[in-house]
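*Asks:* Sequence lines, in order, name chains A and B. Sequential numbering of the first sequence, starting at 1, is according to my numbering. Sequential numbering of the second sequence, starting at 144, is according to my numbering.
In short, the hints are calculated from the structure, not lab data. Computed from a predicted structure; not experimentally measured. Take these hints with a grain of salt, some might be off.
Listed next, the in silico DSS-like pairs over lysine-lysine satisfying Cα-Cα at most 30 Å (straight line) [stated by the list, open to error]:
#1 Lys64(A) with Lys220(B)
#2 Lys162(B) with Lys115(A)
#3 Lys115(A) with Lys136(A)
#4 Lys136(A) with Lys227(B)
#5 Lys64(A) with Lys136(A)
#6 Lys136(A) with Lys55(A)
#7 Lys55(A) with Lys227(B)
#8 Lys136(A) with Lys162(B)
#9 Lys136(A) with Lys220(B)
#10 Lys55(A) with Lys115(A)
#11 Lys115(A) with Lys220(B)
#12 Lys64(A) with Lys115(A)
#13 Lys220(B) with Lys162(B)
#14 Lys227(B) with Lys115(A)
#15 Lys162(B) with Lys227(B)
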Amino acid sequence: MPEDHRFHLDLGSRFENIELAQVVLRDTLDQIGVDEDARHDVDLAVREAVTNAIKHGNEQNPDKQVHIDLLLEGDDLVLQIADEGAGFDLSSVQDPLAPENILRPNGRGILFMRKFMDDIQYSLRPGGGTVVTMRKRLAGPKS
Amino acid sequence: MRVTTRTRGDVTIIDLNGKITIGSGDIALRNAVHQAIEAGANKLLINLHEVTTIDSSGVGELVSAYTTATNRGIRLKLVNLPDKVADILTVTQLITVFDTYDSENDAIASFQ
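Turn these sequences into a full structure, and let the hints steer you where they fit.
*Replies:* The structure is reproduced here in structure tokens:
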């Protein structure tokens, strides 16, 4: 299936840059014609993925970047968020819905991403780091 | 995020307006709750009516506020949850932890 690459963004590892990513993302989703509910879901999932990349991947190292790509594959919106960290062990993440974790103040980011996107895959980034690829099935983008 | 604190009777109400997200709104929420507790509040109501976005860090701050308050014998409740916020508290199963109300009057009455 042909890919339609809509944007690439390189961000420094600072939390304030999450808002910059959100502005670019929102503009792009508007151009594609994504409805408000889907925009909310994608917005939140990207926010969590970029937060994880800055916080856990790059450990807020200002010399490391977060790379964001958005593309369309048919009716699928595909977002890739890559960090330059040491890699990521999904099995180390505790279940935030387990009774003993319900009142923990953190550990819910991946739950949000899984809930609000249709598919999430993790892979290693060539040269080091983690890539999270998230898909959202769109109900008929306008362009 | 804009935060204002007011009282109705013996209930301290924290009104939140905007995003409760990492690096800004989450810290503002934490500070507001701590200030209210330090000021002697023992009935806390967080009004989420004007909250536009909440991320996992914001949810974490709500949980921290709840545990901090509960550990000190302070009752903390939520009111006026926008649909998106209610959805997120449902996803995280925290909707079963918090006392939530659709109206401020009902929430105030529940403290009595």
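*Asks:* Each of the hints needs a verdict: does it hold here or not?
*Replies:* To see whether the hints hold, each was checked on the structure:
no.: 1; hint: Lys64(A) with Lys220(B); in the structure: violated, 41 Å
no.: 2; hint: Lys162(B) with Lys115(A); in the structure: holds, 20 Å
no.: 3; hint: Lys115(A) with Lys136(A); in the structure: holds, 11 Å
no.: 4; hint: Lys136(A) with Lys227(B); in the structure: holds, 18 Å
no.: 5; hint: Lys64(A) with Lys136(A); in the structure: holds, 27 Å
no.: 6; hint: Lys136(A) with Lys55(A); in the structure: holds, 24 Å
no.: 7; hint: Lys55(A) with Lys227(B); in the structure: holds, 25 Å
no.: 8; hint: Lys136(A) with Lys162(B); in the structure: holds, 23 Å
no.: 9; hint: Lys136(A) with Lys220(B); in the structure: violated, 34 Å
no.: 10; hint: Lys55(A) with Lys115(A); in the structure: holds, 21 Å
no.: 11; hint: Lys115(A) with Lys220(B); in the structure: holds, 25 Å
no.: 12; hint: Lys64(A) with Lys115(A); in the structure: holds, 28 Å
no.: 13; hint: Lys220(B) with Lys162(B); in the structure: holds, 19 Å
no.: 14; hint: Lys227(B) with Lys115(A); in the structure: holds, 13 Å
no.: 15; hint: Lys162(B) with Lys227(B); in the structure: holds, 12 Å
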